[in-house]
Amino acid sequence: MPKYMFVYRGCENCHEPEEMQKFMQLWMDWIQVGEEAGWLIDKGDGLEPDGAIVNPDLSITDGPFAESKELVGGYSMVEAANIAAAIELAKGSPIAVSGGTVEVRALANVEMANE
Amino acid sequence: MNQSTNQLVEHFFRHESAKLIAVLTRAFGLRRIDLIEDMVQVAMMEAMNSWKLNGIPPNPSAWIHLAAKNRILDSLRREKTFAKAMALSGQTLASQELVIDQWLEDEHIADSLLRMMFVCCHPLNDRQTQIALTLKTLCGFGLSEVARALLLPIETVKKRIQRAKKSLAGAKVSLELPDDEQLEQRLDVVHDVLYLMFNEGYSTSRGADPIRSDICEEAARLCHLLCQNPCSSPATKALLALMLFHASRFEARTDDLGSVILLEDQCRSDWDHQLIGSAQGWLAQSKCGQPTTYHLEATIAMLHCIAPCIKKTDWSGISALYGRLLELHNSPMYELNQAIAIGESGATHEALTRLMQLKDHPKLEGYFLLDCAIARIHLLEDDTMKAVDSYLMARSKTAAVHEHELIDKKIRKLTEITQDDRTQSH
Amino acid sequence: MDRFMFLQRGGCEDPPELTAQQMEAGMKAWMDWVKNGTEEGWLVDPGSPLSKTGVVVNPDMSVTDGPFAESKEFVGGYTVVEAPDMAAACELAKQTIKLAGGGKIEVRKFANAGE
Chain D
1 MPKYMFVYRG CENCHEPEEM QKFMQLWMDW IQVGEEAGWL IDKGDGLEPD
51 GAIVNPDLSI TDGPFAESKE LVGGYSMVEA ANIAAAIELA KGSPIAVSGG
101 TVEVRALANV EMANE
Chain E
1 MNQSTNQLVE HFFRHESAKL IAVLTRAFGL RRIDLIEDMV QVAMMEAMNS
51 WKLNGIPPNP SAWIHLAAKN RILDSLRREK TFAKAMALSG QTLASQELVI
101 DQWLEDEHIA DSLLRMMFVC CHPLNDRQTQ IALTLKTLCG FGLSEVARAL
151 LLPIETVKKR IQRAKKSLAG AKVSLELPDD EQLEQRLDVV HDVLYLMFNE
201 GYSTSRGADP IRSDICEEAA RLCHLLCQNP CSSPATKALL ALMLFHASRF
251 EARTDDLGSV ILLEDQCRSD WDHQLIGSAQ GWLAQSKCGQ PTTYHLEATI
301 AMLHCIAPCI KKTDWSGISA LYGRLLELHN SPMYELNQAI AIGESGATHE
351 ALTRLMQLKD HPKLEGYFLL DCAIARIHLL EDDTMKAVDS YLMARSKTAA
401 VHEHELIDKK IRKLTEITQD DRTQSH
Chain Z
1 MDRFMFLQRG GCEDPPELTA QQMEAGMKAW MDWVKNGTEE GWLVDPGSPL
51 SKTGVVVNPD MSVTDGPFAE SKEFVGGYTV VEAPDMAAAC ELAKQTIKLA
101 GGGKIEVRKF ANAGE
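Protein chains in written order, with the working numbering: chain D, 1 to 115; chain E, 1 to 426; chain Z, 1 to 115.
Hints are supplied without guarantee of correctness; some may be wrong.
[What the hints assert, rightly or not] Straight-line alpha carbon distances no greater than 25 Å define the calculated PhoX-like cross-link-like pairs of lysine-lysine that follow:
| # | chain 1 | residue 1 | chain 2 | residue 2 |
| --- | --- | --- | --- | --- |
| 1 | D | K43 | Z | K52 |
| 2 | D | K91 | Z | K35 |
| 3 | D | K22 | E | K158 |
| 4 | D | K69 | Z | K52 |
| 5 | D | K3 | Z | K35 |
| 6 | D | K3 | Z | K72 |
[Said to hold, decoys possible] With beta-carbon atoms standing in for the labels, derived distance ranges:
| # | chain 1 | residue 1 | chain 2 | residue 2 | range |
| --- | --- | --- | --- | --- | --- |
| 7 | Z | D2 | E | R127 | 47 to 53 Å |
| 8 | E | D106 | D | Q32 | 39 to 45 Å |
| 9 | Z | K98 | D | E70 | 23 to 29 Å |
| 10 | D | S59 | E | D74 | 31 to 37 Å |
| 11 | D | S59 | Z | A29 | 43 to 49 Å |
| 12 | D | Q32 | E | V401 | 37 to 43 Å |
| 13 | D | S59 | E | T92 | 44 to 50 Å |
| 14 | D | Q32 | E | N330 | 37 to 43 Å |
| 15 | E | D74 | Z | S71 | 37 to 43 Å |
| 16 | Z | F68 | E | G170 | 53 to 59 Å |
| 17 | Z | F68 | E | V173 | 57 to 63 Å |
Please keep in mind that the hints were generated in silico from the structure rather than gathered at the bench.
For clarity, every value in this text was computed on a predicted model and none was experimentally measured.
All residues carry an ideal CB built from backbone N, CA and C; glycine is no exception.
With the hints as constraints, model all of the structure from the sequences given.
Printed below as a string of C-alpha cells:
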C-alpha cells in the first residue's frame with residue numbers, strides 16, 4: 001500500500017493545563033488506534049523550531065524563520081489505499097481536530113509509481 | 001507500554017501545576033511568581049509532548065516536578081543577584097532543592113497549598129480578584145477559563161491578576177500562615193472566597209457550561225483541604241457540609257440542555273446520596289457554640305436533602321432557620337426563601353403577602369425566581385390562572401433562553417391540566 | 001545521540017534530461033550513500049522524495065490543494081539521521097546536498113526522540 005507523510009503545521013493552542021491534558025489524551029488515543037489498526041506506520045515526532053539551513057553552496061545558516069502556521073511543526077507516516085483514504089485519516093488526527101493543518105503527501109519512491 | 005490503560009487522573013495537569021507553583025513560590029518568593037508560572041507551563045508542555053508519543057511515565061508527578069525544578073533552577077542560576085543572595089542566607093541551590101523535594105511530597109504538599117490559599121485571599125485585593133487568583137493559582141485554571149468562570153473579558157482578568165501580584169509582591173507578602181491574632185479574620189475571607197466561588201459554579205445562569213461543575217469541585221476540594229488543617233474552624237466544616245449538600249443535587253438541577261429544573265420538579269433519586277452522607281458527617285463535626293450563616297445554611301440544605309419529597313420536607317424547621325439567618329444577616333434572599341418555606345408549610349396567605357412586599361425590594365427587582373415563587377404559592381392555592389400570570393411575569397424578567405424554556409414548560413403543564421379539568425367537567 | 005530530520009527545500013524544477021549513464025551514476029551514488037550511512041549508523045531512514053502534488057486538511061476539515069512547488073512552504077523530500085548535535089547533523093546534510101543537487105536542506109531536531 002502507498003505511504004503518505006502527514007506534515008503538521010500550526011496548533012500550539014494549548015496553553016492551559018486542562019487543554020494540554022485533553023490534547024495529550026487525543027494523541028495517545030489516535031496513536032493507539034492507528035498502531036493497532038496498522039495504518040500508522042510511524043507516529044512521528046515534533047520538530048524543534050530552531051534549526052539550520054544547509055545551502056547549495058554548503059554554507060550553513062540559522063533558520064527557518066517562519067510563522068508558526070508555515071513552520072513544519074512535526075510529522076507522522078501512514079499507509080493507506082489511496083490519497084482519499086489518507087485524507088480521511090488526516091481529518092481524524094489530533095492536529096486537525098485542535099486547529100492546525102495537516103499536509104498530506106505521497107512518498108514518491110524511486111521504484112514505485114504512485115498516483 | 002499499553003497506553004490506553006495508562007491514563008492520567010482527571011485534572012492532573014491543573015493540580016500538578018498548582019502544587020508546583022505553590023511550592024516554588026514558597027521557595028523563591030512571590031516576586032518571582034511570573035517566572036515560576038512560565039517555567040511550570042513549559043514543563044507541562046514538555047510533559048505533554050513527550051508523553052503523547054512515549055506514553056505516560058510510571059511516576060508522572062515526579063517527571064513534571066523534576067522538569068519544572070530544572071527549568072526554574074537553570075533560570076535562577078543565570079540571575080547574578082540570586083547567587084549572592086543565596087550565599088548570604090547560607091543556603092545553596094542543592095539544599096534548596098532538597099527542601100523543595102520535601103515540600104512536594106504527598107504528606108507535605110497541603111502546607112504549601114494552604115499558605116498559597118491565604119495569599120490568594122489576601123485582604124489587599126478585592127473579592128473578585130481573590131477569586132480570580134485562587135482559580136488561576138490554586139486550581140490551575142488558564143486565563144480564558146478564569147474569564148469564563150467569572151463571566152469577564154480575558155483582558156480584564158489578566159490586568160487584575162497582574163495588578164494583584166504586583167501589590168502582593170510590593171507589600172512583601174510571604175507564603176506564611178497568618179498569626180493567631182489575624183487567623184480568624186483571614187480565615188473568614190477565605191471562607192467567603194470559597195463560598196462565592198462555589199456559588200459561581202452552582203448558579204444556573206450560565207446554562208450548560210461544563211466549567212460550572214469544575215468550579216464547584218475546586219471550591220469543595222480547597223475547602224476540604226482547609227478542613228484537614230488545624231487552622232480551620234467549625235465554620236470551615238459547616239461550609240464544606242453546605243457545599244457537599246448542594247453538590248449532591250447538582251446533576252438533578254439542570255437537564256442536558258442546561259435548562260433549570262426547580263426543586264419541586266427534581267428527581268430525587270438523581271441526588272447523590274453518598275455526598276449527602278458525607279455532608280452530614282461534616283455538619284456533625286462542625287457543631288459549635290456560635291453557629292455561623294454557613295451552619296444554618298448547611299442545616300437548611302440538609303433538611304432538603306433528607307426529605308423524600310417536597311410535601312414531606314420540614315418546612316417549618318426551614319422557616320425557623322431562615323429566621324435565625326435573618327438575625328445574623330439581613331438579606332432579601334433569606335426573606336424570599338423564608339416566605340417560600342412559610343407558603344409550603346401551609347400558610348399561603350402569609351407567604352403571598354411577604355412575597356408581594358419583596359417585589360418592591362431593590363435587590364430583587366428583575367429577579368425572575370421571585371415571580372416563580374409567587375406562581376408556586378398560587379398553585380398551592382389551586383389558583384392556576386394567577387400562577388400562569390406570575391410565570392409570564394417571571395419570563396419577562398429574564399433574557400436567558402434556558403430560563404424561558406423552564407418557564408414555558410411550567411406553563412404548558414399548567415394549561416394542559418386546565419384543559420383536562422375543562423374536558424372532565426363537561 | 002539526537003535525531004534530525006532533513007527537509008528538502010527548493011531545487012524542485014524538473015531536472016534536465018539525464019542520459020542513461022547519468023541516471024545510472026546517480027543511482028549508484030545514492031545506493032552508496034545509503035550503504036555508507038547504514039554501516040556507519042547515522043542513517044535512520046533514507047527517506048523519499050514527496051509527490052509534487054499534495055493537499056492540506058484544514059481545521060474546518062476542508063481540503064485544499066497545495067502547497068505548490070514554487071511556494072516557500074514546499075517540502076520536496078525528507079531524510080532522518082542520527083547525530084550527536086546540530087553541527088554534526090549539518091555536516092551529514094552536506095553529503096545529501098551533493099546527491100540531491102540544487103535546493104537547500106532544512107535541518108530540524110526531533111523534539112522527543114531518545115527518551
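Checked hints:
no., hint, result
1, K43/D <-> K52/Z, "23 Å, holds"
2, K91/D <-> K35/Z, "37 Å, violated"
3, K22/D <-> K158/E, "24 Å, holds"
4, K69/D <-> K52/Z, "21 Å, holds"
5, K3/D <-> K35/Z, "23 Å, holds"
6, K3/D <-> K72/Z, "24 Å, holds"
7, D2/Z <-> R127/E: 47 to 53 Å, "51 Å, holds"
8, D106/E <-> Q32/D: 39 to 45 Å, "30 Å, violated"
9, K98/Z <-> E70/D: 23 to 29 Å, "28 Å, holds"
10, S59/D <-> D74/E: 31 to 37 Å, "32 Å, holds"
11, S59/D <-> A29/Z: 43 to 49 Å, "22 Å, violated"
12, Q32/D <-> V401/E: 37 to 43 Å, "40 Å, holds"
13, S59/D <-> T92/E: 44 to 50 Å, "45 Å, holds"
14, Q32/D <-> N330/E: 37 to 43 Å, "59 Å, violated"
15, D74/E <-> S71/Z: 37 to 43 Å, "39 Å, holds"
16, F68/Z <-> G170/E: 53 to 59 Å, "56 Å, holds"
17, F68/Z <-> V173/E: 57 to 63 Å, "58 Å, holds"
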